[in-house]
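If you're matching them up, the sequences are chains A and B in order.
With this note's numbering applied, the first sequence corresponds to residues 1 to 253, in that order.
With this note's numbering applied, the second sequence corresponds to residues 1 to 314, in that order.
No lab work stands behind these hints: they were computed from the structure.
Fair warning: this is a prediction, and the values are worked out from it, not measured in the lab.
Coverage of chain B stretches by chain A, computed from C-beta distances (three or more under 8 Å per stretch; other residues unrestricted):
hint: 1; region: 72 to 79
hint: 2; region: 85 to 92
hint: 3; region: 98 to 104
No more than 20 Å apart at the CA atoms, straight line, and that leaves these computed lysine to any residue pairs for SDA-like:
hint: 4; chain 1: B; residue 1: K87; chain 2: A; residue 2: P29
hint: 5; chain 1: A; residue 1: K5; chain 2: B; residue 2: R105
hint: 6; chain 1: A; residue 1: K200; chain 2: A; residue 2: A189
hint: 7; chain 1: B; residue 1: K87; chain 2: A; residue 2: E21
hint: 8; chain 1: B; residue 1: K87; chain 2: A; residue 2: R90
hint: 9; chain 1: B; residue 1: K229; chain 2: B; residue 2: L288
hint: 10; chain 1: B; residue 1: K87; chain 2: A; residue 2: N23
hint: 11; chain 1: B; residue 1: K87; chain 2: A; residue 2: Q172
hint: 12; chain 1: B; residue 1: K281; chain 2: B; residue 2: I244
hint: 13; chain 1: B; residue 1: K87; chain 2: A; residue 2: Y89
hint: 14; chain 1: B; residue 1: K87; chain 2: A; residue 2: G92
hint: 15; chain 1: B; residue 1: K229; chain 2: B; residue 2: V279
hint: 16; chain 1: B; residue 1: K87; chain 2: A; residue 2: N91
hint: 17; chain 1: A; residue 1: K5; chain 2: B; residue 2: P69
hint: 18; chain 1: A; residue 1: K5; chain 2: B; residue 2: Q68
hint: 19; chain 1: B; residue 1: K87; chain 2: A; residue 2: S28
hint: 20; chain 1: B; residue 1: K87; chain 2: A; residue 2: I16
hint: 21; chain 1: B; residue 1: K229; chain 2: B; residue 2: E287
hint: 22; chain 1: B; residue 1: K15; chain 2: A; residue 2: T248
hint: 23; chain 1: B; residue 1: K87; chain 2: A; residue 2: S19
hint: 24; chain 1: B; residue 1: K87; chain 2: A; residue 2: Q170
Facing chain B, from chain A, some residues (calculated, C-beta under 7 Å):
hint: 25; residue: I16
hint: 26; residue: H20
hint: 27; residue: T27
hint: 28; residue: G92
hint: 29; residue: T93
hint: 30; residue: E95
hint: 31; residue: L96
hint: 32; residue: Y98
hint: 33; residue: T99
hint: 34; residue: A100
hint: 35; residue: P101
hint: 36; residue: V102
hint: 37; residue: R250
For each residue, glycine too, the CB sits at the ideal point set by N, CA and C.
Single-letter residue listing:
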Amino acid sequence: MQFFKVIGRSLRSIGIVFSHEFNLFFTSPIVYLIGSVWLFLAGGFFALSLSAINTGQYEPDMLGMFSPMVFLMIFMAPALTMRLVAEEYRNGTNELLYTAPVRDWEVIFAKWLAVWAVFSVFMLISFVYPLILFSRGNPDPGLIITGYLGLWLMAGATLALGVFASSLTQYQLVAFFVTMGTLLVLWLAQQLTYIITSPKITPVLAEISLVSHYQNLVSRAIIDPIDVGYFVGIITVFLFLATQMLSTRRWSS
Amino acid sequence: MIQVEGLTKYYGNFKAIDSLSFYIDAGEVVGFLGPNGAGKTTTMRILTGFMPPNEGTATIAGYDVLDQPLEARQRVGYLPESVPLYKEMTVWQYVDYVAKLYNMRNPIRANRVDEVLDQVGMIDRADSLISSLSKGMRQRVGLAQALVHEPDVLVLDEPTIGLDPGQVREFRELIQQVGKEHTVLLSTHILSEVEQVCDRVLIIHNGQIVAEDRPDALSARLQGSHRFKVKVGNAKPEAIAEVIGGLPGVINVTSTDDGVEVLSEEEQDTRPAVAAAIVGKKWDLLELRPLDMSLEEIFLELTTNDRQTYEEEG
Chain A
1 MQFFKVIGRS
11 LRSIGIVFSH
21 EFNLFFTSPI
31 VYLIGSVWLF
41 LAGGFFALSL
51 SAINTGQYEP
61 DMLGMFSPMV
71 FLMIFMAPAL
81 TMRLVAEEYR
91 NGTNELLYTA
101 PVRDWEVIFA
111 KWLAVWAVFS
121 VFMLISFVYP
131 LILFSRGNPD
141 PGLIITGYLG
151 LWLMAGATLA
161 LGVFASSLTQ
171 YQLVAFFVTM
181 GTLLVLWLAQ
191 QLTYIITSPK
201 ITPVLAEISL
211 VSHYQNLVSR
221 AIIDPIDVGY
231 FVGIITVFLF
241 LATQMLSTRR
251 WSS
Chain B
1 MIQVEGLTKY
11 YGNFKAIDSL
21 SFYIDAGEVV
31 GFLGPNGAGK
41 TTTMRILTGF
51 MPPNEGTATI
61 AGYDVLDQPL
71 EARQRVGYLP
81 ESVPLYKEMT
91 VWQYVDYVAK
101 LYNMRNPIRA
111 NRVDEVLDQV
121 GMIDRADSLI
131 SSLSKGMRQR
141 VGLAQALVHE
151 PDVLVLDEPT
161 IGLDPGQVRE
171 FRELIQQVGK
181 EHTVLLSTHI
191 LSEVEQVCDR
201 VLIIHNGQIV
211 AEDRPDALSA
221 RLQGSHRFKV
231 KVGNAKPEAI
241 AEVIGGLPGV
251 INVTSTDDGV
261 EVLSEEEQDT
271 RPAVAAAIVG
281 KKWDLLELRP
291 LDMSLEEIFL
301 ELTTNDRQTY
311 EEEG
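Between the sequences and the hints, there should be enough to build the whole structure, so can you do that?
Next comes the structure, spelled out in structure tokens:
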């Protein structure tokens, strides 16, 4: 009984902070700007891949849209997350959260959930593209489902990193560049696999690379637990670190 | 209601508070008086669960702030020195959000938000964005968020700092009114604020409590007639000093730009004798006013007095 009471209380706290954060996103024009740019680019990539289908050479699919998404996330994840914790430090509202009867991990988890939900809204709007494909052709539904699953998990992981970076500092720009820099390194790790062909290093690079696990999900129509585990692991690690950071800053402020 | 024992907090090597102990009863309004950096905010932050102490314990309504943090925090309303506001929200949304964080549920919550906004005089601005409010109004909203969940204990950190004189007066009246129903701990470095709103005052200096008293007793101790300023219309300061300096009880007379400052023995009110002497010389007595002590002087006074008493007792 006690266990369910504790869980229920945590869920309630998470729900309260989540809806606060989610609503706060839409009070700023930034989220509309990011959403518009993302949907515009996604639409552009989709249209380009359609022109390939029109030549009749390929089965209709959405790889043309999914593949560049990981590169877009390098810029989108920091832009969406930089405010989340840093602004609380900056405005002193962390004092409210620190002294309210909510736990630090609940706050961090709720904030991440909110930004992931915002991304999910963008993603839902992009569902119009597969609808177009199905209305005109005969695409592989498995490939589209795993593609979206991969996109969703990859976004969750990069946003968790962003939440962690935001918890490090009161300066949003610092948070932005920490997230962007880290994602660039993870992205470059994949590019390096094309250059470094050592049998020892190459698999390691591929294993730590965001891109290779994303590509596995997006391009194979197979849900490999290793790829899913990779993203869930990244989310867990960075949310844990962000919680530690939030708690640590109680001492130093 | 609040029990603090042996509380110690370090920032690096700096000891912000040093084995602090005190007790506050239910319903008391207690002032924490001390200069900046005395440890007031640190103590309040430990009581509100913001930060843990290095040593010692603090309990709120029987709940230890370290061992049962959520239960303790639930019973505290806290107005930090810089009011934690989300400027993009409306007043009502903001107070409602805080009420939710403190586990209040509808329909009680919505009524309570209205009630508390009415109490702090912000109900007619309920739908205004917080970014559009003046400093005084923001402070009122801050008090509303501290009060909304009907806490047992209200902790107010320098609640009147940065307000204009009119707002200060209004806000003190508000605190007095709130103090009738709550246990309040408020910090300030203004002596008159403590006199006006508190039942009891704890004086904190360099992280330690140096004195504890009722505010009227304290001000009697501090604002005795033993230091005052005399301004005379048609006499040179040197002449005045000569006349007053010889009176019984007067220890020292110093000239200033526009008069003299008189220091007399502590238990003796020399003002009538001084006034009589000046009038007797047919000079115009323009001003005779006790000099308020600066906070630093108060601490010097209290700490040296306490040491004397201690030595006498020892």
